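Here the protein sequences line up with chains D and Y, keeping their order.
Heads up, the first sequence stops at 1482 in my numbering, and the numbers go up one at a time, no gaps.
Heads up, the second sequence stops at 265 in my numbering, and the numbers go up one at a time, no gaps.
All the pointers check out, no bait thrown in.
Listed next, the in silico SDA-like pairs over lysine to any residue satisfying Cα-Cα at most 20 Å (straight line): (1) Y:Lys122 with D:Leu1382; (2) Y:Lys122 with Y:Tyr261; (3) Y:Lys122 with D:Arg1388; (4) D:Lys1249 with D:Glu1467; (5) Y:Lys122 with D:Asp1383.
Bear in mind the hints are in silico, worked out from the structure with no lab data behind them.
Bear in mind the structure is a predicted one, so any value in this text is a computation, not a measurement.
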Amino acid sequence: MTTKRLRPIVGGLGIATAISMLVTLYLGLVWSPPERTMGDTIRILYFHAPSAWASYLAVGVVAIASILYLWRRTHVWDIIALASAEIGVLFTTITLISGMLWGKLEWGTYWTWDARLTSFLIMWLIYVGYLMLRSALDDPERRARLAAIVGIVGALDIPIIHFAVLWWRTLHPQPIVVRPGGPAMSEPMVLALVAGMLSFTLVYVFLMALRVSLEVERDRIEVAAHPQPVTAEVQPS
Amino acid sequence: MSRPPSPAMSDAPEMAVDAPEVFPAPAERWTARPAPAYGPTQYARQVWALVWKDLLAERRTKEILSATLVFGLLVVLIFNFAFDLRRAEMDLIGPGILWVAFIFAGILGLNRSFALEKDRGALEGLMLAPMDRSAIYLGKLISTLIFMSVMELVIVPVYSLLNNQPIRLDLIPVIFMGTLGFVAAGTIFAAIAANTRTREVLLPILLFPILVPVVITAVGATGIVLRGGGEDLGPPLTMLAAFDIVFLVVGMLVFGYVIEE
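With the rest of the complex left out, here is chain D:
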């Protein structure tokens, strides 16, 4: 698999992502009206919610790639899982920071131990741990296998965490629940949100393409630099 032939596709993807992001910026920041009670702070939502969606997408891809790695043992699934986990941590960080900024403006506090905030923070910690585990393992096969297990267990744990945190929150005095948007969203707002979702998905796919091809190239150089792997010396013939 050479990445050379894929280069025009990745380039095209990059242009599409840039255009879509510009459109989202225009729709979200200029075109859509301010919200009645929140005013302009609603505009954070057009980037916050899509990046939350992209985090879940990334985590899902990590889990699926991990399962496929354990099943097929092809190196490319490990690369995909690694790339998706890195990008997932990136989007989760963006979601947390943008959410905190919005919270400061609307709730008057950067952080509250609300169910959704808490489970998102824990998800971030799981995938930071996943990346730390990867960096602590040298042997590629072992790293791929053990990381895949953490990727699967971590993804399975996310709904469980959400469930438990919800119960925990109802146990304690309920904070004043302020939900972004609410059901009555005007059409321009929905459109801006949909545009945001679309562009963040494109950003995810674009970053994935870049990250995966980088890793594939790195492997190729590794093989070129050491034409005969160390294990070949041990094997007869």
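We have chain D already, so just place chain Y on it with the hints.
Structure of chain Y alone, referenced to chain D:
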């Protein structure tokens, strides 16, 4: 006249002739005898053998129990100094203190337990044994559960004593189920972390986020029992049971992948 074949009088060549009776010849041993049925009894016996091995090793080294016990007590002590607790506050944060002590001490035990397996290649020996890999998981899980239960059986009365509270027996199911969830997830992650250079550091980093659901419900349920206000213990216990089952099933399914080499 031939000599009667007596083991006491026999010399070396005769021993060689006698030997097949005691140790069947390889051909007979591997082909003639039917393979032993691998059923639940066999499986349970293997798991028990593994648990027994860990208990025996612990009886001889006394490494895990002494370390976890002392450490757990120290955690309870440090919290007491850190917060300078009165009775009313104790009801609020007591459950949290207990579980922090259990979990921190449990991490020590898990690390130690897998370090022992890794150090002299004992795990490779276990993997060579003709048994299902999940038996190794269950064996480790049960022995860690036993060590942690012993540690908790000491810490809870000491905690109650220090805080002038009655010892509540209805804590037992809550703590047992919380600990089961902890070791079910902990055994997988300890086996994973044991492969890395920084295992002692990595285990809590990997395990604590995963354990959040178990900790939340266990602390909640412990609080309900300690407050004794007649709150409904049903929901947290059901949730704990569900988490335990999920972690156990996932652990049994993935453990084979963790230790394969």
